[in-house]
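One line per chain: the protein sequences are A and B, in this order. Under our numbering, the first residue of the first sequence carries the number 1, and numbering increases by one thereafter. Under our numbering, the first residue of the second sequence carries the number 1, and numbering increases by one thereafter.
Incorrect hints may have been included.
Here are the simulated lysine-lysine pairs, DSSO-like style, with alpha carbons at most 30 Å apart [stated by the list, open to error]:
#  : chain 1 : residue 1 : chain 2 : residue 2
1  : A       : Lys17     : B       : Lys69
2  : B       : Lys102    : B       : Lys69
3  : A       : Lys57     : B       : Lys97
4  : B       : Lys3      : A       : Lys57
5  : B       : Lys69     : A       : Lys65
6  : A       : Lys65     : B       : Lys3
7  : A       : Lys57     : A       : Lys18
8  : A       : Lys57     : A       : Lys71
9  : B       : Lys3      : A       : Lys18
10 : A       : Lys18     : A       : Lys69
Negatives, chain A to chain B, calculated, CB over 10 Å [stated by the list, open to error]:
#  : residue
11 : Tyr10
12 : Val14
13 : Asn26
14 : Asn28
15 : Glu53
16 : Asp59
17 : Ser67
18 : Arg72
19 : Asn73
20 : Glu79
21 : Ser80
22 : Thr86
23 : His106
Derived list of chain B stretches under chain A, where covered just means 3 residues or more per stretch with a C-beta under 8 Å from a C-beta of chain A [claimed, not checked]:
#  : stretch
24 : 6-15
25 : 67-77
It should be emphasised that the hints constitute simulated quantities derived from the structure, not laboratory data. Every residue, glycine too, gets a C-beta built ideally from N, C-alpha and C.
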Amino acid sequence: EAQVTQNPRYLITVTGKKLTVTCSQNMNHEYMSWYRQDPGLGLRQIYYSMNVEVTDKGDVPEGYKVSRKEKRNFPLILESPSPNQTSLYFCASSSFTPGRANSPLHFGNGTRLTVT
Amino acid sequence: DAKTTQPNSMESNEEEPVHLPCNHSTISGTDYIHWYRQLPSQGPEYVIHGLTSNVNNRMASLAIAEDRKSSTLILHRATLRDAAVYYCIGSGGSNYKLTFGKGTLLTVNP
Numbered sequence: 001e002a003q004v005t006q007n008p009r010y011l012i013t014v015t016g017k018k019l020t021v022t023c024s025q026n027m028n029h030e031y032m033s034w035y036r037q038d039p040g041l042g043l044r045q046i047y048y049s050m051n052v053e054v055t056d057k058g059d060v061p062e063g064y065k066v067s068r069k070e071k072r073n074f075p076l077i078l079e080s081p082s083p084n085q086t087s088l089y090f091c092a093s094s095s096f097t098p099g100r101a102n103s104p105l106h107f108g109n110g111t112r113l114t115v116t
Numbered sequence: 001d002a003k004t005t006q007p008n009s010m011e012s013n014e015e016e017p018v019h020l021p022c023n024h025s026t027i028s029g030t031d032y033i034h035w036y037r038q039l040p041s042q043g044p045e046y047v048i049h050g051l052t053s054n055v056n057n058r059m060a061s062l063a064i065a066e067d068r069k070s071s072t073l074i075l076h077r078a079t080l081r082d083a084a085v086y087y088c089i090g091s092g093g094s095n096y097k098l099t100f101g102k103g104t105l106l107t108v109n110p
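Just chain A, with the same shape it has in the complex (with noise of 0.2 Å):
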């Protein structure tokens, strides 16, 4: 089944401990892209990547890293957590880029996160 799988579902942590949330797609699309939403905020994009290697910011980059070194997998990465990145957090990916092209993104079933 074409899916996007993010793990955990549920995380909770203390400010400053160091957290990956993964992201794996099956589907060997070339874009792939974080997002988090809060209320009242919609969904904002944290960082994406074109392809393997190639990662830019989105609106909200800030306290969040990422890498790419496989197609399929896309992990964001808090070096520092604060409460203020409490948040539900999406992975998307899509065939090519989403905006222009004939590409829908698909989406994970979010990783809801806190810190405290």
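Following the hints, position chain B against chain A.
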């Protein structure tokens, strides 16, 4: 990125048609207009997309204005399962950054 404007919320009755509007006045001429929806406790899912012509699929129809500055997502017969937040996306400027905005919360009354 192209800025999109949608109403914060809309309400419909079950079995009736729903027209969800979106303004995207800064969209560039070759960018697709995408609609997604997010059901409660789920990630967004693709609904439909179009470029210039009206489009139909099993989920909905998309009517695109001739000047491409606006579009309307049409649900022909709303069901309770259609209650969701609907996002209209324009991707002018950088094609890699997709701005979702806050979307329209659709409530469907039984």
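Tested hints:
1. The suggested pairing of A/Lys17 with B/Lys69 is violated, with an alpha-carbon distance near 46 Å, which exceeds 30 Å.
2. Distance restraint check for B/Lys102 and B/Lys69: the Cα-Cα separation of roughly 19 Å lies within the 30 Å cut-off, and the hinted pair is therefore satisfied.
3. Among the hinted pairs, A/Lys57 with B/Lys97 is consistent with the structure: their alpha-carbon atoms are about 9 Å apart, no more than 30 Å.
4. Between B/Lys3 and A/Lys57 the CA atoms are separated by roughly 18 Å; this keeps the pair inside 30 Å, and the hint holds.
5. Restraint check: the Cα-Cα separation between B/Lys69 and A/Lys65 comes to about 35 Å, which exceeds 30 Å; the hinted pair is violated.
6. Using a Cα cut-off of 30 Å, the hinted pair A/Lys65 and B/Lys3 holds, with the two alpha carbons roughly 26 Å apart.
7. With a C-alpha separation of about 20 Å, the suggested pairing of A/Lys57 with A/Lys18 holds against the 30 Å cut-off.
8. Proximity of A/Lys57 to A/Lys71 is assessed by CA-CA distance (about 18 Å); at most 30 Å being required, the pair is judged to hold.
9. In summary, the hint linking B/Lys3 to A/Lys18 is not supported, as the alpha carbons are separated by about 35 Å, beyond the 30 Å threshold.
10. A hinted pair counts as satisfied when its Cα atoms are at most 30 Å apart, and A/Lys18 with A/Lys69 qualifies at roughly 20 Å.
11. No Cβ of chain B approaches the Cβ of A/Tyr10 within 10 Å, the least distance being about 12 Å, so the stated non-interface status holds.
12. The beta carbon of A/Val14 is kept farther than 10 Å from every beta carbon of chain B, the shortest such distance being approximately 26 Å.
13. The Cβ of A/Asn26 sits about 16 Å from the closest Cβ of chain B, beyond the 10 Å cut-off, so the non-interface label holds.
14. For A/Asn28, the condition that its CB be more than 10 Å from all CB atoms of chain B holds, with the nearest at approximately 18 Å.
15. At roughly 15 Å, the least C-beta separation between A/Glu53 and chain B is larger than 10 Å, which holds for a residue marked as non-interface.
16. Its beta-carbon lying about 7 Å from the closest one in chain B, A/Asp59 breaks the requirement of being farther than 10 Å from that chain.
17. The Cβ of A/Ser67 sits about 17 Å from the closest Cβ of chain B, beyond the 10 Å cut-off, so the non-interface label holds.
18. Interface exclusion of A/Arg72 from chain B stands, the closest Cβ pair being 18 Å apart, more than 10 Å.
19. A/Asn73, annotated as away from the interface, keeps every beta carbon of chain B farther than 10 Å; the closest lies near 18 Å.
20. At roughly 23 Å from the closest C-beta of chain B, the C-beta of A/Glu79 stays outside 10 Å, upholding its exclusion from the interface.
21. Taking the minimum C-beta to C-beta distance to chain B, about 25 Å, the non-interface status of A/Ser80 holds against the 10 Å cut.
22. Interface exclusion of A/Thr86 from chain B stands, the closest Cβ pair being 17 Å apart, more than 10 Å.
23. Distance to chain B contradicts A/His106 as a non-interface residue, since its nearest Cβ pair spans about 7 Å, not more than 10 Å.
24. By the rule of at least three residues with a Cβ nearer than 8 Å to a Cβ of chain A, the coverage given for the stretch 6-15 of chain B is violated, with 0 such residues.
25. Remark: the stretch 67-77 of chain B is not confirmed as covered by chain A, as 0 of its residues place a Cβ nearer than 8 Å to a Cβ of that chain, below the required three.
Hint check: violations occur at hints 1, 5, 9, 16, 23, 24 and 25; the rest are consistent with the structure.
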